[in-house]
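Peer 1: Got chain A; can you put chain B on it based on the hints?
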Amino acid sequence: DIQMTQSPSSLSASVGDRVTITCRASQSISSFLNWYQQKPGKAPKFLIYTVSTLQSGVPSRFSGSRSGTDFTLTISNVQPEDSATYYCQQSYSSPLTFGGGTKVEIK
Amino acid sequence: QVQLVQSGAEVKKPGASVKVSCKASGYSFTSKYMHWVRQAPGQGLEYMGIISPRDGSTTYTQNLRGRVSMTRDTSTSTVYMELSSLTSEDTAMYYCARDLDGSGRYFDYWGQGTLVTVSS
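First to last, the protein sequences are chains A and B.
According to the working numbering, the first sequence is numbered sequentially starting from 44.
According to the working numbering, the second sequence is numbered sequentially starting from 20.
Simulated from the structure, these hints should not be mistaken for laboratory data.
Fair warning: there could be bad hints in the mix.
What the hints assert, rightly or not - Restricting the straight-line Cα-Cα distance to at most 20 Å, the calculated cross-link-like pairs of lysine to aspartate or glutamate (EDC-like) are: (1) K82/A with D127/B; (2) K88/A with E65/B; (3) K51/B with D74/B; (4) K31/B with E108/B; (5) K51/B with D127/B; (6) K85/A with E65/B; (7) K88/A with E101/B; (8) K31/B with D127/B; (9) K42/B with D74/B; (10) K38/B with D127/B; (11) K82/A with D92/B; (12) K42/B with E108/B; (13) K88/A with D44/A; (14) K150/A with D113/A; (15) K146/A with E65/B; (16) K85/A with E29/B; (17) K88/A with D120/B; (18) K85/A with D127/B; (19) K85/A with D125/A.
Chain A with its partners taken away, still in its complex shape (with noise of 0.2 Å):
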């Protein structure tokens, strides 16, 4: 199975500033790299996929990027609606998996 490791476990953030999420693979997955947001005592949220294209409706300061099996989810300008758990996904190869989480807590 293909791990994927997220960094960091959680951070905390001030309204207005640029929050960077990565997420690093075992193994090579192309750009089939996910990203889902998870409120508390909610189910997850479809944001991002194939690495950088936004799910409809989602605002336009979440934004991701890859560097070879490394991928970064960045919100700019984060809002306060923002606090969440992040979860990476690969999408390469069965079975799917998901990274651990980060916690984003808005100061």
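Peer 2: Chain B alone, transformed into the frame defined by chain A:
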């Protein structure tokens, strides 16, 4: 609008089975795969498997193979996930999630989740 509505919380004893339903609406049920993902309390997301509502074909993650079964009823636009030989490690929130584009790679809509508690 697309909606996935799951059945209610369940409490089961170790060794029992549980069957969770996920009723879809707002789109053509047979046109999109459905996935199942679970999340133990305070933990991350674990992929369980996929079912094609069109023909009922399934693929399960290896660590659940033999214990999990996914089925569908096209007359009611409902998919089911049954998990047998439950242990405390199966205590989790179980989600159905629709596939985005038929590729089997992305989950664009999620159910609200069904909490399954396994306790003696």
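Peer 1: If a hint holds in the structure, say so; if it does not, say that too.
Peer 2: Results for each hint:
1. K82/A with D127/B: holds, 16 Å
2. K88/A with E65/B: The given pair, whose Cα atoms are some 15 Å apart, holds under the 20 Å limit.
3. K51/B with D74/B: The hint holds at about 11 Å.
4. K31/B with E108/B: Distance ~12 Å between K31/B and E108/B Cα, so the pair holds.
5. K51/B with D127/B: Cα-Cα ~11 Å, so holds.
6. K85/A with E65/B: Distance ~16 Å between K85/A and E65/B Cα, so the pair holds.
7. K88/A with E101/B: Violated. K88/A to E101/B sits at ~24 Å, over the 20 Å cutoff.
8. K31/B with D127/B: violated, 30 Å
9. K42/B with D74/B: Cα-Cα ~17 Å, so holds.
10. K38/B with D127/B: The hint is violated at about 23 Å.
11. K82/A with D92/B: violated, 31 Å
12. K42/B with E108/B: violated, 26 Å
13. K88/A with D44/A: violated, 24 Å
14. K150/A with D113/A: Violated. K150/A to D113/A sits at ~27 Å, over the 20 Å cutoff.
15. K146/A with E65/B: Holds: K146/A and E65/B sit about 17 Å apart, inside 20 Å.
16. K85/A with E29/B: holds, 18 Å
17. K88/A with D120/B: holds, 16 Å
18. K85/A with D127/B: Roughly 15 Å between the alpha carbons, so the hint for K85/A and D127/B holds.
19. K85/A with D125/A: Holds. K85/A to D125/A sits at ~14 Å (cutoff 20 Å).
Going down the numbered hints, you'll see the structure goes against 7, 8, 10, 11, 12, 13, 14, while the others check out.
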